[in-house]
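With chain W's structure known, arrange chain P with the ligands on it following the hints.
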Amino acid sequence: MPRLRLLFLLALFPVMVAGAQLGLRAAGMEYCLTQLTMSVYYALVVMGLCLLMGYAGQVSLGHGAFFALGGYTTAVLTTHDFSGIRACAGVGVLERAGLLVAQQDLYGQAGLSVAPWAAFAAAMLLTFVVALLIGYPALRLRGHYLAMATLGFTLIVSKLLLGSALTGSADGIHGVPEWKLLPGLTVSGRSALRVQNYYLACGLALLLLLGLRNLLRSRVGRALLAIHDRETAANAMGINTAAYKLKVFVLSALLAALAGVFFTHYTGGIAPSEAGALKSVRYVALAAAGGMANLWGVTVMSIALNYCSLRGWFGSYDNAVFGALLILIISLAPEGPLKPLGLWLRRLAGRPDPERRTPHGAP
Amino acid sequence: MALLEVTDVRRAFGGLAAVDGVSFTVKPGQIKGIIGPNGAGKTTLFNLISGLLKPDAGRITFRGRSITGLKPYEIAGAGLSRTFQNPSLFLQMNVLENVMVGRHCRTRWGFLGCGLRWPGQAREERAIREAARAQLDVVGLAHLAGWSAGALPFGQRRMVELARALATEPAMLLLDEPASGLNTREKEDLGRLIRQIRDRGITVLLVEHDMSVVMGLSDDLLVLYNGRPIAEGAPAAVQNDPRVIRVYLGEDLQNDESGGDAPPRAPATPPATCCSR
Ligand SMILES: Nc1ncnc2c1ncn2[C@@H]1O[C@H](COP(=O)(O)OP(=O)(O)OP(=O)(O)O)[C@@H](O)[C@H]1O
Ligand SMILES: [Mg+2]
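Protein chains in written order, with our numbering: chain W, 12 to 374; chain P, 1233 to 1509.
In isolation and in its complexed conformation, chain W is listed as follows (with noise of 0.2 Å):
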């Protein structure tokens, strides 16, 4: 059963994906896909909260910051001129190795800058390091702390990048160059790599969505969602529950990073506007809207969400609308409209649920 409903989803998400390429296309409005694939992007990072939220039970309002990190790491490397070290030893090495790379700025004027590939490991590693700072204190306590260390790291970055000359203020960072991913495979915001760019952000995010489906059907899963339920319970049977809590927090603030890479190097630039509380405040509102603990639910819903506000839909509403979402998500639907719409639709074809018998269907 739950191995057809997989094979469905399989079929399911690549027909949508083509589905909306081709009808996007045919209706002669193909420049959306840039929108689009900023949406699959940014839904990386909800799909992240949706383990850390949803499952282990775990609020972070820092994951505009994470993503910022991500991005603004890979921007500052591969757009900022290093050739001051070109006397260095060592540096020869790590140009004949490919780290470093000959570059053009804006004006034309060459440089030495880090290759996409270097960066793109060097913000993973940063943000790991960051994000155990911060997780560590934070998670060996129960409680909502890790919502409030989160959210005084969102603060700080966000001060930092504003105030930073190397990151180039409150215009951010532009310019930054495009990551040849694979022969043929190239994260760029080029016209004619538009095509091409939807769908390796939407397999990027497919493979995402199938490794971590594997991870929550698994023991990790199982002790999150039992960390999320009664934390001494699941630390009496046997779960480590710090390490737990710790590890997937890493994991999803990794997952955020490597949103704000992508999005970096394919959009060419990243504002600071990206680190700011209201972002992450957005990203916890689209984890609800779709149901926190649904990671197919959440991921539709936050292409969704993020494309309207992204085509501007929302007008100059557009934050209030994710805060008026929250409210209503909470107390209207607190498991999100999708699970009541399900169940509805369920017994609208009159089958009860299969995994989940209440005792009403019990002999």
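No wet-lab data here; the hints were simulated from the structure. A portion of the hints provided could be inaccurate.
What the hints assert, rightly or not - Using 27 Å as the maximum straight-line C-alpha spacing, the simulated DSSO-like pairs for lysine-lysine come out as follows: (1) P:1419 x P:1303; (2) P:1259 x P:1286; (3) P:1259 x P:1303; (4) W:258 x P:1259; (5) P:1419 x W:258; (6) P:1286 x P:1303.
For clarity, every value in this text was computed on a predicted model and none was experimentally measured.
Just chain P with the ligands now, with coordinates in the frame of chain W:
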């Protein structure tokens, strides 16, 4: 040699010593009962042994190794599992998944292996499922495997919790009032089950209010009162101990005076009059 050795353990909450100077041993293969009136410190003692609370003083040794101050998950891993006075199932999971959580400390695959569904991990996952089914069979609830844990009545929740504890492959099991909330037939089943568990080689330490259950099952009995041990020995000897009788009679008198706002539970009748087995 004793399997579990508790030496002079003490734990206070504020000024109140909930457990004070408690020492006892449990021999392998025993069913040992702990009784005492409400608030005697039985649950606190279990929390100390299973690592949910740290003792202020004293030492706890399990299988010849000190477990004092270890984390609960480490103690579970060492082979000491427990159930809770208020069944604490994971309500977002179904019955089988609850029991599968019990296999956690006997299985190994981590985030990466599980995410990639490595062949060995998939095999382990199947083994977890089978072992959990087997434990559900032991408590007679295999037919409820797919049920939502929250949909079960109280008595069955207790049984699922027992299966979950058994799934950790314990050498010793701590049961905190497993018979409370069960009807007479369920209590008889439980008694049989506990003996069966002991016969499989699992030592049992049992807190119980229901005298008929605890007197019939225990090889050995410890009586706590106000956090202190007041009697220990074979059930027949303990139930005739004048101090034990006095404690239980006194408790009865207090209950009569305090009116009806206490939660309903088995009356603390003196053990001398209620041993039905
Ligand atoms: N976490 C706690 N904080 C403060 N006091 C506590 C705590 N846990 C237990 N106590 C107190 O310690 C004493 C012993 O409680 P405990 O729960 O161990 O008793 P018990 O023998 O299990 O009783 P019962 O038969 O009602 O389950 C009680 O007076 C109780 O109020
Ligand atoms: Mg108790």
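Structure-based check of all given hints:
1. P:1419 x P:1303: Cα-Cα ~32 Å, so violated.
2. P:1259 x P:1286: The given pair, whose Cα atoms are some 23 Å apart, holds under the 27 Å limit.
3. P:1259 x P:1303: holds, 23 Å
4. W:258 x P:1259: Not OK: residue 258 (chain W) and residue 1259 (chain P) at ~39 Å, beyond 27 Å, violated.
5. P:1419 x W:258: violated, 42 Å
6. P:1286 x P:1303: holds, 9 Å
The structure fails to meet hints 1, 4 and 5 from the earlier list, while all remaining hints are met.
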